[in-house]
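In order, the protein sequence lines correspond to chains A and B.
Per my numbering: the first sequence = residues 9 to 757.
Per my numbering: the second sequence = residues 9 to 757.
Keep in mind the hints are simulated off the structure, nothing from the lab.
Hints may contain errors.
Label pairs and their computed distance ranges (CB to CB) [said to hold, decoys possible]: (1) A/D534 x B/E157: 46 to 56 Å; (2) B/N620 x A/E736: 46 to 56 Å; (3) A/P107 x B/P375: 42 to 52 Å; (4) B/D436 x A/D207: 44 to 54 Å; (5) B/L739 x A/R98: 47 to 57 Å; (6) B/H83 x A/R98: 46 to 56 Å; (7) B/L705 x A/E693: 16 to 26 Å.
Since this is a predicted model, take the numbers as computed values, not measurements.
All residues carry an ideal CB built from backbone N, CA and C; glycine is no exception.
2 protein chains.
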Amino acid sequence: MSLFFIIICEDKKIFVSLQSDNWLTNFKKAETMKYLQSVLPIAFLLVFSNCQHRPTLHPCLSLTPEAAQQIAQSHGKYPVFDASFEYARRTADEALAKPIDVPVPKHAAGGYTHEQHKNNYYAMYYAGIMYQVTGEERYAAFVRDMLLEYAHLYPTLGEHPYKGSPVPGQLFWQTLNESVWLLHTAMAYDCVYEYLDADVRTHIENDLLFRVAAFVENGTEANYATFNRMHNHATWANAAVGMTGYATGNRDLVDKALYGSEKDGKSGFLLQLEELFSPEGYFTEGAYYLRYAIWPFMLFAQTIELNEPELHIFERRDGILLKAVNALLQQSYNGEIIRANDALKKTFSTQEIVAAVDIAYWASHDPQLLSIAQQQGSFVLSSAGITTAKAIAAGKAEPFKYQSVLYHDGANGENGGLAIIRSSKASDFMLVFKATSHGLSHGHYDKLTCSLYDNGHEILTDYGAARFLNIESKSGGRYTHENDSYAMQTVAHNTAVVDCKSHFGGDYDTSMKYSPTIIGNLVVNDSKQPYITAIVSATDTTAYLDKHVRMKRTMALIETEETEFPFILDVFRLTAPDCHTYDLPVHYNGHLINSSFPAKKNGTVLYPMTGNYGYQHLWNEGETTLTTGNAWFTILQDDRFYSVITTVEPTAGAKVFLVRSGANDPDNNLRSEPAVIFRQEGKAEHVFASVIIPHGLFDPNLELTKGAQSPVEQIRVIETTDSTTTVELTLQNSKKQIILSDEMMSSGY
Amino acid sequence: MSLFFIIICEDKKIFVSLQSDNWLTNFKKAETMKYLQSVLPIAFLLVFSNCQHRPTLHPCLSLTPEAAQQIAQSHGKYPVFDASFEYARRTADEALAKPIDVPVPKHAAGGYTHEQHKNNYYAMYYAGIMYQVTGEERYAAFVRDMLLEYAHLYPTLGEHPYKGSPVPGQLFWQTLNESVWLLHTAMAYDCVYEYLDADVRTHIENDLLFRVAAFVENGTEANYATFNRMHNHATWANAAVGMTGYATGNRDLVDKALYGSEKDGKSGFLLQLEELFSPEGYFTEGAYYLRYAIWPFMLFAQTIELNEPELHIFERRDGILLKAVNALLQQSYNGEIIRANDALKKTFSTQEIVAAVDIAYWASHDPQLLSIAQQQGSFVLSSAGITTAKAIAAGKAEPFKYQSVLYHDGANGENGGLAIIRSSKASDFMLVFKATSHGLSHGHYDKLTCSLYDNGHEILTDYGAARFLNIESKSGGRYTHENDSYAMQTVAHNTAVVDCKSHFGGDYDTSMKYSPTIIGNLVVNDSKQPYITAIVSATDTTAYLDKHVRMKRTMALIETEETEFPFILDVFRLTAPDCHTYDLPVHYNGHLINSSFPAKKNGTVLYPMTGNYGYQHLWNEGETTLTTGNAWFTILQDDRFYSVITTVEPTAGAKVFLVRSGANDPDNNLRSEPAVIFRQEGKAEHVFASVIIPHGLFDPNLELTKGAQSPVEQIRVIETTDSTTTVELTLQNSKKQIILSDEMMSSGY
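Same shape as in the complex, but just chain A (with noise of 0.2 Å):
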């Protein structure tokens, strides 16, 4: 099926092209059909309203004159929206105070010019805003005279000179700086633009705003691939060119944001919407990017709202704007967004996110949004924050709902999937596991991986990137040479490690091709065994494709009338045609207080583990064999012990390694962290059948110890097959079995 509409308006040509087996890979007809009813009508109301010349009220990109008005009279009334006004404020009044300096770009992120540059955009937007609440003239001025100066600049430059990155920019390091430079750059233009004259006006978007927009869409062949791809680079780079063209009334800017530099749908800011988020909001490449991207997605989003209610933008595809919002909500412990992928600690009220749940209650009036622009304790300075923060102070706030929920991952849900797990009795108990898509560029060979919170800590970690961002010395601030070799090998993560390889064998282009697949649901207080509160289970047959290797892991969360604490049985299962080594690292943060095989450090030399992979950057701290069929470890973190508990097989060959991350690591990029390696060698076939449990209470202030032992004591594999694992536990009362298998995962969740 193809259709093409071409439309031709006072030169300006809107191309429409809808192929269902290429545009829409992977689409299902009937979405595709759905899809045509929801465009088509757009695409002629577009080519309409665009042929009638609207005239554009300034500012009309986040805020308006309304808001700003609203703005204006709201001040002293909602103290923590004064506050990000007064931060606004100060911000511009510092940047007034100094003579304007916009230097020939020289640094790496971190550096001079590159966070010169940065604080320009910021001073130029916060200054442009205060124009717009406060009439004064002065900050007009001032953004006018530093537009001049980069009008000035920018058509002298060329590629910028610290090389270092595959998609340079002229003004900063990257291109994707550029594009954020812009976005900023084009709202504090929209702010002005009233006050300009309109030779001035000219001046600065011939001169400089068409041509950054220009430079970032099409300056380069690396720009114009980034500008056309299905990633967060892109979202950038096409919100910066929209909303500039949005700013300057330049429809083809528009039209190459939301279709793509060719206009035809094939890329662009909508064909995101699209392929960048599964049906249920996840973002491929994992919670720590959707905080970045979810800012140009919901900023653009505004502006497109704003300028062309009629795209509807908020509702398309189901509303996956705002499902993208609260799954990125979902995917945060008190308020820090985990830890997957290439992702750094950060909370949720970073500025995007901020932003982003500002617009996304503005769009929406989802009461439960307020509750965490409650705790962000910040607000954008739009039609949006003013918005949000009245209504907070109108009493509307409700408790967000933090849910255990499976997201399926892939444009069309077939890709794996994420799953939370919290506990409904310990509301601090949370489990992510992981198995999705490679998740483009930033993704980790993790399949199967999982991480555990407990007790405001992260307990079974995530290393997360290997990167300083921002800080100059460290490689400039970019992702240091230590993430490719450590942070996104397997065994840096709480996953099986088959013959101390990759899975992929660290290779992006195979591990693009594959996914796990999720076993029916994730099931919640809905089992037919006794105990399991939660359950989910994915399979991957394709990160040991040659080796034939299957992994299934089956995560439940367990709560006991016996036991004080949730905790979570794990049962990892690998098999082969052939013998195999199999290692499960279990990255923990906290002290190794106890164990039940002699856990002697080495103490006179360190060796690295022996391989790569990861491998190589890990310190070899001690290693034993093991001679019973279970092996486990307690640490305390905070008031509370937890212990691991895995079922191994001596007989085969069973070794435990302690290991702590730092080898191979000459520029000392890495943090210093340590880790429990089981492994199994000589089996074609291995259950790992773990307890993971936080157990009882260490009160310094009472100086009070108890439960320092695990209340499950052993695991044990009574049998397993492809579908189906009976464990038993033995408690310090009873032994229970529990059943799991992949039958319960067929009810919804």
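Fit chain B to the known structure of chain A by using the hints.
Only chain B this time, still in chain A's reference frame:
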């Protein structure tokens, strides 16, 4: 001068010996006379009141009948007090719901019988309070029944089977815990005294309380020695025995507690007030052990005040107990007690400091204490606690005045001292400079050491103790071997090590003999030099007596218009007749992100540092020969950078080592923590002139980095003598000469 008073009254002998050259060693004549003036009338009063058989109302130790009534009436009025009460009631109710369990002693700290006996004394203590407040007899019956169980068990006990203390107990592995048990049990007994039949009382007193008291006081040679020491264990023992005496009306026990086993005043509680504190209230063992000792000090003092107000216990030595409480609070940072000597992480919300602050308020009505009590969030359930809670509710709280302060050490204030320097501009910037005496058995070999706190974190760290309190799997919860071999050693601190050997060769007896000399005073805002807002200095000539090394360290708080944050100028001057290797370790909390020297980490093999005295516990992660006169490194902690810049003499041989604790630590008893060691070889005289400076901003929410480079670029020693050192600091836009001379410390503070 010798004075003897012997007064015989109803077969009780009160023997007061005052010998200025023996008992009051080191006491100035004037102070002796002052003391005599205060003691003499009290001695007579004591005898008088005692001889009158003043009838005792129970309870009389910390709760009183009036306080119990007030607590009962206050229910629902003071939510935080209510919470403390509910905690106590729940603890008591949980104990009442279980069968009484008084097991035959077996385990060490953290183990079952140890924790059960601890639980038991808390259960009795809380049940006693519940009986007094609610009048419900089941609580009193529970206390009685448990006391009877103990009265049955105790006479059968010998030395505790777990050998591990030089002062073994019977119920517990060490007598210290037996004292704590007795103190709480005495309070419980006091609460149910009136409830018990006379014959039951006699049975419990004779078969339990007097037996435990006798054991603690004189049951073994070690106990006798401990009871009569000047040490926190003696404070516990004295308080426990004394409170048992008051509860039972046994004057013999009271007198032994107050005046020592021989009742001659040559030991005992009253002498401890003279000897364990400096005139300003500094406790010679340091803040962490003051935290522990303050509990029996204040509890017993309150008992004395309630029973013998004529002793004016809280006025003794110019209010030394109240000064000690204030000094303890001054030695905290954001509520955390500073780590010096054998210290673990503790906040001022521990039950012992809660009790101390409440009692101090009860005794002094100092409104500053109320703001601390508010932050503590709990109260002791006694007349002190309810008085404090009422005062807070009445709005009497005033902010606690944190100050820059120098505490002299030693009973007469002549054994060095500890300075705390706080910036008046940046309220969370705090330097601790420790130039005290050894501080008894929990002291470390760390003359002239320092630690630095800023922005909510410990930045230059004191390792504290290598101990896992109450964790049985870690050396039975006691100090681990590595406490001696690493944590106590000089290299584990931020002070100079000569020829890789600890101060005093790590010999306790030698170290106990000497202390550094504070030069003049801590001077705040009164310096002859600009920029210096506080300065303190000390010398030590005893740590390396055999090598005749003179160590002098001067630390100044510097504030300039060019630097955003206050910073430390640290001049550590080492002089000796011969050439030595001078090491200056800098233990830091953060990630090393930049350095002036190539900080390449060893990648393929790690060996410990060469040597003993703690060096064997440090992995040598990398070493470099320094070739310029300055060496600096920068770390990132939270959202701020910190640089340490120091002077070395490369021509004489200068090196830097990156190290990390954890070598030769088979049982994983050490935390893995990094340090940099600056080494100057082959010099008789060397000045490590250093700047320790916070700078910049790393804002992950705004993705902003500012000022990652130290604003102080260089430090140079221009001139140095025994009394004066002049340094030149190179800042971005200026050079500043700063003179640090002994004269400057001559004004008072």
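- Message: To test your reading of the hints: which numbers does this structure violate?
- Response: 5 and 7
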